[in-house]
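Enquirer: These are the residues of each chain, in order.
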Amino acid sequence: MDISFSLDADNTLVVRLGGDWHIEHGLLSAEELEKKIASTPHLEKVAFEGRGLGEWDSSLLTFLIKLKHFCTQRSIILSSEGLPKGVARLLHLASEVPDKEDAHKKVGRAPFLSRVGEATLEAVKSAGEMLAFIGEAFLALLKLLGGKARFRRCDLTLLIQECGAQALPIISLVSVLVGLILAFVGAVQLKLFGAQIYVADLVGIGMAREMGGMMTAIVMAGRTGAAFAAQLGTMEVNEEIDALKTLGISPMEFLVLPRMLALVLMLPLLCLYADLLGILGGGIIGVGMLHLSPAEYLHETVSALNLTQFAGGLIKAGVFGVLVALSGCFRGMQCGRSAAAVGEAATSSVVTAIVSIIVSDALLTVIYDRIGI
Amino acid sequence: MENHANQTTAHIEVRDLTMAYGSFVILHDLSFTVKKADIFIIMGGSGCGKSTLLRGLIGLKEPAKGQVLYDGVSFWDCEPDAKQVIMRRFGVLYQGGALWSAMTLAENVALPLVEYTNLNPAQIKELVSLKLSLVGLAGFEEFYPSEISGGMRKRAGLARAMALDPDILFFDEPSAGLDPISARHLDELILELRDSLGTTVVVVSHELASIFAIGNNSVFLDGETRTMIAVGNPNKLLAESNDHKIRSFLTRGEQ
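Residue numbers (the numbering used here), protein chains in the order written: chain A, 1497 to 1869; chain B, 1060 to 1314.
Simulated from the structure, these hints should not be mistaken for lab results. You may find that some hints are simply not true.
Unchecked claim - List of simulated lysine-lysine pairs, BS3-like, C-alpha gap at most 25 Å: (1) 1562(A) - 1541(A); (2) 1564(A) - 1531(A); (3) 1621(A) - 1124(B); (4) 1295(B) - 1644(A); (5) 1741(A) - 1304(B); (6) 1094(B) - 1621(A); (7) 1639(A) - 1124(B); (8) 1741(A) - 1184(B); (9) 1295(B) - 1120(B); (10) 1295(B) - 1741(A); (11) 1741(A) - 1120(B).
To be verified - Label-pair distances were calculated between CB atoms; the ranges are: (12) 1198(B) - 1625(A): 40 to 46 Å; (13) 1836(A) - 1138(B): 48 to 54 Å; (14) 1606(A) - 1160(B): 23 to 29 Å; (15) 1864(A) - 1083(B): 38 to 44 Å; (16) 1573(A) - 1313(B): 37 to 43 Å.
Unchecked claim - Take a look, some chain B residues computed to stay more than 10 Å from chain A by CB distance: (17) 1072; (18) 1080; (19) 1118; (20) 1132; (21) 1142; (22) 1143; (23) 1149; (24) 1157; (25) 1161; (26) 1170; (27) 1207; (28) 1244; (29) 1265; (30) 1307.
The structure displayed is predicted, hence computed values, not measured ones. C-beta: ideal position from N, C-alpha, C; glycine also.
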């Protein structure tokens, strides 16, 4: 990257370019040359002498383009005659189409207040969309009850298998461990009073009323809710949902309804299964660590629990099922048309589902307390 | 505006249509008619709103203003049930085929038949085989969309679009992503459908070879002014139009 320049007669600055110009060697700054141009009075033309040029690439072009802009601003002619033909052609090509001014995107941060405003408007819009979605889902449900909803029964059975039987291994693992943890935490405290037998009550009631349903729902939000969002999102990207709409089939009935049904039917069943395995997990600690006999543990559990407690947990599980399915499907249907949007839809479906599970659990617990369950 | 089209009975009529995203107008003041058994091309440069116009025609995006009439019935002013009746009369081939990925090709083609006819499974199976063999996919009934090539997906998409023998077929960039020979086969198939079944065909395209080969009427959309600047037979437009944008488009920028 050699460069030298000298002032010619008739107010022309001759720039001699030589050597190899490679992008790996960095970009040469045009500052020195610009200073020279700016400080020369009555300069009319900049010409080049490129016989010494070896290999060149975009580094030479960017240098020349910068120079060209600088000269254009000062109404100095930049003659590309002395440049190799390829360079001259590319230089012409690069400066032929002027920058489209409105094509540049506005970047940079908006002021704080306008960001708050935008976020608020976005939140209001999103809440509205969610309500509309819930409304549509409800209408689809009514149609189902009226026997007019259109979806394929085989889709429903497949989904039930996916949300039910195939979730059993992970639910087993999680709920046994949750039962184990509950029992362990309780045992440490209850042992102090010699009341270790009440570990069975603690685990039984804890699993049946709260942990069984909630842990199942959270696992299903991560496992199935995210899958729903990703499936529906990809269908949106591939225009599969458009194809359903133009066929006059409502995606709400055809896609969302079976998914909701499958989860709402399966979640209480999984919850019941999780309750039992949690109690089993508690039993392992009771028998293994607290030296209770299995019969004793079982008897204490049975006497601590009643149907109301199970029913309370199962109702919660049903509600969680609706919430997980709604947030998975809602985020999926809302998905934009890109691969990144599908990822976002899956993530936000899990977030929405978990937040709504915890909030609704808190609400239901208060309601149960009020009505004395 | 140049108008080379003969005005006879309109099958699809677009009246003062404006398409917009929020306050951003994509296309404004479009008016044209598509006659029965026309092969009507929606053409224009990339980003001029061709696909948005198509979405307005097939009921996926409500226009900001104006009407789309099918045999005199305004689509966007209809009740949902009436809309569905109109939608059943047309088939759409999407750019990537848009096959339902969880279903086999046979199930894809069968779904419209299952939903809208009272045929028994055996009859449906027969029809599905017929449609698939029409697009050269006989024997692929049990394949899933992910197991076949992009060109085959497109053809399967066409089989599905034709499942209910629609009066109108819409094609979104039919030759995009196809090799030249498959693209020509598809053109021939489109002509064949029109000639044998009298199907009206609306094609969004910027493939010149295909436009000249099949189109007998067209609308030219201009991205700069965001409206249509010509209507007529593409070959006639090439021969007679003096507008430099149209000439430049139809001659690949040579004139």
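Enquirer: All hints, please: hold or fail.
Expert: Verification of the supplied hints:
1. 1562(A) - 1541(A): holds (16 Å)
2. 1564(A) - 1531(A): holds (14 Å)
3. 1621(A) - 1124(B): holds (23 Å)
4. 1295(B) - 1644(A): Violated. Residue 1295(B) to residue 1644(A) sits at ~51 Å, over the 25 Å cutoff.
5. 1741(A) - 1304(B): violated (35 Å)
6. 1094(B) - 1621(A): The hint is violated at about 42 Å.
7. 1639(A) - 1124(B): The hint is violated at about 32 Å.
8. 1741(A) - 1184(B): With a Cα-Cα distance of about 23 Å, the restraint between residue 1741(A) and residue 1184(B) holds, given a limit of 25 Å.
9. 1295(B) - 1120(B): It is violated: about 31 Å lies between the C-alpha atoms, which goes past 25 Å.
10. 1295(B) - 1741(A): violated (36 Å)
11. 1741(A) - 1120(B): The given pair, whose Cα atoms are some 11 Å apart, holds under the 25 Å limit.
12. 1198(B) - 1625(A): 40 to 46 Å: Hint holds: Cβ distance 44 Å, inside 40 to 46 Å.
13. 1836(A) - 1138(B): 48 to 54 Å: The hint (48 to 54 Å, Cβ to Cβ) is violated, given that residue 1836(A) and residue 1138(B) are roughly 38 Å apart.
14. 1606(A) - 1160(B): 23 to 29 Å: violated (40 Å)
15. 1864(A) - 1083(B): 38 to 44 Å: This hint is violated: roughly 51 Å between Cβ atoms.
16. 1573(A) - 1313(B): 37 to 43 Å: violated (32 Å)
17. 1072: Residue 1072(B) is indeed farther than 10 Å from all Cβ atoms of chain A, at 19 Å.
18. 1080: holds (13 Å)
19. 1118: violated (6 Å)
20. 1132: holds (15 Å)
21. 1142: violated (8 Å)
22. 1143: violated (4 Å)
23. 1149: violated (7 Å)
24. 1157: violated (4 Å)
25. 1161: violated (8 Å)
26. 1170: violated (7 Å)
27. 1207: holds (14 Å)
28. 1244: holds (22 Å)
29. 1265: holds (19 Å)
30. 1307: Correct as stated: the minimum Cβ-Cβ distance to chain A is 15 Å, above 10 Å.
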